[in-house]
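Undergrad: Residue numbers (our numbering), protein chains in the order written: chain H, 27 to 241; chain V, 762 to 1512.
Read the hints as simulated data drawn from the structure, not as lab findings. Among these hints, one or two may not hold up.
[What the hints assert, rightly or not] Output of the computed footprint for chain V on chain H, the stretches with three or more beta carbons under 8 Å from beta carbons of chain V: (1) 63-75; (2) 78-84; (3) 110-123.
Since the model is a prediction, treat every value here as computed from it, not as a measurement. Note that CB positions come from ideal geometry on N, CA and C, so glycine has one too.
One-letter residues, chain by chain:
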Amino acid sequence: MKKIILLALAALLLQPVFSQSEKYTGAMKKYLAETDSAMAKADMARLTDISAAFERIGDAEKNQWLPYYYAAYTQIMFAFIKNVPAENDAIADKTDQLIAKADALEKNNSELSLLKAMNLSLRMLVNPMQRWMQYGQQVQQHSQDAMTQDPSNPRPYWFSGVSLKNTPEQFGGGCANAKPLLDKALELYAAFKPASELHPSWGRQVCEKEAEGCK
Amino acid sequence: MNTLKPLTILFFLALSPCALTAQTTVKGLIKDNRNNSIAGASIAIKDSYDGGTSDSAGRYSFKTYEKGQQLLVVSIIGYKTVEMQVKLEGTVVTLDVTLRQEITELSAVVLSAGTFEASDRKRAVAVLDPIDIVTTASGNGDITGALKTLPGAQQVGETEGLFVRGGTAAETKTFIDGSLVNNFFFTSVPNIAQFGRFSPFIFKGTVFTTGGYSALYGQALSSALILESIDLPERSSANLGLSVLGGSLGYQHLAKNNRSSGGASYSYTNLAPAFAVIKQKQDYSVAPNYHNADANFRIKTSKTGMLKYYGYFSSNKLAFTVGSIDSLGYLDKFALRNTNHFHNLSWKENLPKKWKLMLGFSYTNNQDNIESGMQDAGKRDVQLTGLEAKNFGFDLGGNYVNGKGVLEKKWKGLNALRFGGEYNYNKDRSVYTAYNGQDYPGSFMETVSSLFAETDLYATNDLALKGGLRAEHSRYLGKYNLAPRFSLAYKLAKGSQASIAYGIFYQNPERRYLPASGDLSFMRATHYILQYQKVLNNQSLRAEAFYKKYDNLVKTGMTGFTEAAVSSAGFGDAKGVEFFWRDRRSIRNFDYWVSYSFLDTKRDFLNFPYAITPNFAAKHTASVVAKKFVQKLKTNFNFSYNYSSGRPYYNIRYDGSGYTFTDRGQIPDYHNVSFALNYLPKIGKQNAKSFAVYVLQVSNIFNIRQIYGYQYSLSGHRKETIVPTSRMFVYLGAFISFGVDRTEEVINNSL
Chain H
27 MKKIILLALA ALLLQPVFSQ SEKYTGAMKK YLAETDSAMA KADMARLTDI
77 SAAFERIGDA EKNQWLPYYY AAYTQIMFAF IKNVPAENDA IADKTDQLIA
127 KADALEKNNS ELSLLKAMNL SLRMLVNPMQ RWMQYGQQVQ QHSQDAMTQD
177 PSNPRPYWFS GVSLKNTPEQ FGGGCANAKP LLDKALELYA AFKPASELHP
227 SWGRQVCEKE AEGCK
Chain V
762 MNTLKPLTIL FFLALSPCAL TAQTTVKGLI KDNRNNSIAG ASIAIKDSYD
812 GGTSDSAGRY SFKTYEKGQQ LLVVSIIGYK TVEMQVKLEG TVVTLDVTLR
862 QEITELSAVV LSAGTFEASD RKRAVAVLDP IDIVTTASGN GDITGALKTL
912 PGAQQVGETE GLFVRGGTAA ETKTFIDGSL VNNFFFTSVP NIAQFGRFSP
962 FIFKGTVFTT GGYSALYGQA LSSALILESI DLPERSSANL GLSVLGGSLG
1012 YQHLAKNNRS SGGASYSYTN LAPAFAVIKQ KQDYSVAPNY HNADANFRIK
1062 TSKTGMLKYY GYFSSNKLAF TVGSIDSLGY LDKFALRNTN HFHNLSWKEN
1112 LPKKWKLMLG FSYTNNQDNI ESGMQDAGKR DVQLTGLEAK NFGFDLGGNY
1162 VNGKGVLEKK WKGLNALRFG GEYNYNKDRS VYTAYNGQDY PGSFMETVSS
1212 LFAETDLYAT NDLALKGGLR AEHSRYLGKY NLAPRFSLAY KLAKGSQASI
1262 AYGIFYQNPE RRYLPASGDL SFMRATHYIL QYQKVLNNQS LRAEAFYKKY
1312 DNLVKTGMTG FTEAAVSSAG FGDAKGVEFF WRDRRSIRNF DYWVSYSFLD
1362 TKRDFLNFPY AITPNFAAKH TASVVAKKFV QKLKTNFNFS YNYSSGRPYY
1412 NIRYDGSGYT FTDRGQIPDY HNVSFALNYL PKIGKQNAKS FAVYVLQVSN
1462 IFNIRQIYGY QYSLSGHRKE TIVPTSRMFV YLGAFISFGV DRTEEVINNS
1512 L
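Generate coordinates for the entire structure from the input sequences, incorporating the hints supplied.
TA: Pasting the structure below:
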């Protein structure tokens, strides 16, 4: 009994340090799981909630870049799923702020470069004919950065491949051009090990599906 | 069991100390100051994970273990973030929060009366995109060409320039990066409209005002055309252009650090081959040919500062004969040589505390050599008795300097105060050589110094006001003027707004009528504008009504061979209504706009016997512009139709005591249908080292007979139509850019 009480006391004393990171990991895991299900159901309201929650975690933690990363990621996915280009600028403005916060904590990260590319392509979609001159180059630049910053990251290849696949063939898009990139992404996904269970590891299933559609 | 229970509780407590107290539910409603609910707002307990988001009805509710005094942060993009104290004690807290909209360019009403903007800025007033300037079929790749399809501008074909709301072309002034541009167009040639000197591709933004413009600009009675040059290019590239009219070469270099760029280009244009195929009314001994070169640099002087230089050099000439109206069997000869160089330097820098400095400087040197005369059928120079005055030479050399400085202070969103000064210096020397070889030298010097201030005030996102004042002093006139400007805009509903504008505008009498024999004043125009605008989901509608009053217009008389100003007793007015509708939504990949202007104007100026509708003003003007991109063909199809009802024409003659009409009437209605296509074969091509655009442009495709007016022989007995130099014109060109980029691939990635 005494032992148990001591143990409990010890746990109580150790608790502040222990539970802070536990609390962080727990909360992150919870919202990551919810992100997947909200995206699968295209539950837009829930995605907004989740993005706000990630942002709150980031603001409270102050030195973790992943919450801001996921806050931005969910905003971007929200915009891509909703697919109302006229609203993209407002969303991208918000996302830019989140990416900037993450960027300040984690420099030259491949995953963040990819988000920048994705965010800029949202802006371009508002009016592709007008904006490609301005944003096309930048999207390309950030995708390229993402590939060089971490050559083992499959997501920049996934993004380039999927974008290309959705481009009309007359414009150099289509499966024939997208397939090599998607294959490369799949190859990388197979070998990819996220740095922790909280680090980005999304995209494999979608990528498989896209590659499947390109046979 | 009994011993285990406290243990589990202990453990539970150890892991979540907060659980010692109960959770608090925080809930409420988020709304704006008009009591509309706001969805998607984030509500957070500061420095904790806890919080929620408002639903579509603006309601939120969340539970938190935090307790005591905490800070609740409510935020959403477009609104000012609100922080408020909240006491969490385990009971339900209900907290309704009212957010105030942030006043931003995106959400605020726009002071749009009399203003058309072509830019990528996210503003409702930007009814055109920059690319529209070059893809409007009737625009012929000229900046003003596309603007002529907008309401307010006339379809005048016999001379260059923008005739706006009953004003002459001289009443429209052009500004590049804030500085006034002299000789914006190539030197005038009788009855042949000239092109603008500058490529539309060097500008990223165009603001075309049809009235009521800002106090930062002056010396234009009717309209200011405000152009903003491009910033750093996206990449280094070399460009090559080939067309039926000539060729061009250019290179732009972007520094590795993306902080500076420089470039130069040269083009040679010669219309001889085109004129060999497309028969011209004139018989050219020297087909119009142009050597144009330009150079630029752009340097980021800091995170927000930008220094830009653009320099332009041109040497061009032409000479032609045309059957003389004055003497059958003889020819009228006209030859022009022009050299022009223009330098524009501008610097913009943000200063601390939301101050901003803008400096602009431009210098122009222009030399014209004109030779006019008569020839016989064998093209030998002749001098005919009674028509000696038709043989003359005219050399004009001018230097023009414009300097401008503006300081801007912004506060609370979009509120701004701007003030500064402008200085214009014009000096020219001319020599008129009469038929007998006698030289008549002349010179003219004028400076206009101006001070101005204006303020933008945004009471809310829905109400904005601009007030401005401009004072000018003319050295030549020896007079001051004071011009107040005022405009107001009110948002009626989402996407729709009403605006009014009022302003007084002064302009010096035109140089060509100076020096004057009498005392002159500034010409003056007073504008009143009423506008309704609705922009929603890629559709824009605009309706504008205006009244414009002219005072102190120049009246002229004959002094020797020339028509010169005698007084400032001229006057006039103009009123009208205009509509503009653009739709990019109804039909996929199809974009069109329609504009219509009604104009009722009369004026008594120059040699008019009394107030009449001037020959450059049509009652009804309309344009339809359509664009369609066909992906399969990688081709952009552009079409435009321009219409104007018949303009009046007059033959005004001096009868010894005064001016009278010897003939007057109305020219037929004007119709023009133009077509252009741009083929982009490399679009989307991966790893392409080059990007090419092929252009085919046909103006007046239906070969409709167009009449611009009439000209009369000196005797007044003969009358001839003024028509375009050729009915139809076909232009074919290829533009290739070699770059190290794969931009096209990228765009298409995301199309």
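Undergrad: For each hint, tell me whether it holds in the structure or not.
TA: Status of the hints after comparison with the structure:
| no. | hint | in the structure |
| --- | --- | --- |
| 1 | 63-75 | holds (count 3) |
| 2 | 78-84 | holds (count 5) |
| 3 | 110-123 | holds (count 5) |
Violated hints for the displayed structure: none, as all numbered hints are satisfied.
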